[in-house]
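Asks: First to last, the sequence lines map onto chains A and B.
For the first sequence, UniProt numbering gives the first residue as 1, with consecutive numbering after it.
For the second sequence, UniProt numbering gives the first residue as 1, with consecutive numbering after it.
Just so you know, the hints here were simulated from the structure itself, not pulled from any lab data.
For glycine and all other residues, C-beta sits at the position ideal for the given N, C-alpha and C.
It cannot be assumed that every hint is accurate.
[Unchecked claim] The following label-pair restraints were derived from C-beta to C-beta distances:
# : chain 1 : residue 1 : chain 2 : residue 2 : range
1 : B       : Val45     : A       : Pro11     : 53 to 59 Å
2 : A       : Arg66     : B       : Pro89     : 25 to 31 Å
3 : A       : Leu110    : B       : Gly20     : 26 to 32 Å
4 : A       : Ala43     : B       : Thr22     : 29 to 35 Å
5 : A       : Pro36     : B       : Leu97     : 41 to 47 Å
6 : B       : Arg105    : A       : Glu93     : 22 to 28 Å
7 : B       : Thr22     : A       : Gly105    : 33 to 39 Å
8 : B       : Leu120    : A       : Pro11     : 50 to 56 Å
One letter stands for each residue in the lines below.
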Amino acid sequence: MPRRKPVASRPQRRKDPHRGEGREAFRCAGCRLDVPVVAPGTAHRNHCPHCLTSLHVDDRVPGDRRAGCRGRMAAFSVTVRGDGEWLIIHLCEACGVLSANRIAGDDNALALLRIAIRPLSDSRLPVSALLAL
Amino acid sequence: MSTDDKTRTITDTFPCVRCGLTVTAVAPDGGRRNHCPSCLHSLHVLDRVEGGPSECRSRMIPISIAVLRSGGWMVIHRCARCGELTSNPIAGDDNQLILMRMAVRPLAQPPFPLEAFGDL
């Protein structure tokens, strides 16, 4: 006997699109970790400390939220500034834009080191230049 | 006409902004080259947003090496004037010592002690 469906007592609540602005945490686009925005050593945390993935929301200035892309940005490379600070270079997987961000104090050291030694793990071309010395 | 165009593209050259080397625009593997093979510096002539010519025309300094999934190396350049980042594949005759120096530079100045990784 088919059960009679009860009449919906109240309409479904709409999602608040402005939820989370001026918030204290964001969710990582790569591993879904809840990341607090306060980070040791930096005032501009823009990537997940666990998997180093970021989101393409800023245009040129950190925090301006002017990019309409919102694609996932994967950690592409690591570089060193003149004063010895490491920067992660992110590549947007949707539009191909590159951006640089300083690492935070709680970033995953193993993930950072993996990116840093990735050129050396490839035993092709330039490694042979060192052997020829 | 077409052979003339082809000859022109093959013999096309540009002077390097940093070391002044006259560089052929075509790399030995046939690709178009955008940085000097000797010092790896480039010139900011392409606009990433519009895809057309950029009016910056400043020097682009190589800052790091990235590795693609396919195993190919990319040089990442940063414009000295406007801070724009670009990536380009390396050519076969690029200076391998400078490439190697950029690849090991992060490991030479680690932000954390690397000795801890020996226990893993």
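Asks: Against each hint, give a clear statement of whether it holds in the structure.
Replies: Now the hints, each set against the structure:
no., hint, in the structure
1, B:Val45 to A:Pro11: 53 to 59 Å, "holds, 57 Å"
2, A:Arg66 to B:Pro89: 25 to 31 Å, "holds, 30 Å"
3, A:Leu110 to B:Gly20: 26 to 32 Å, "violated, 43 Å"
4, A:Ala43 to B:Thr22: 29 to 35 Å, "violated, 46 Å"
5, A:Pro36 to B:Leu97: 41 to 47 Å, "holds, 43 Å"
6, B:Arg105 to A:Glu93: 22 to 28 Å, "holds, 26 Å"
7, B:Thr22 to A:Gly105: 33 to 39 Å, "violated, 47 Å"
8, B:Leu120 to A:Pro11: 50 to 56 Å, "holds, 54 Å"
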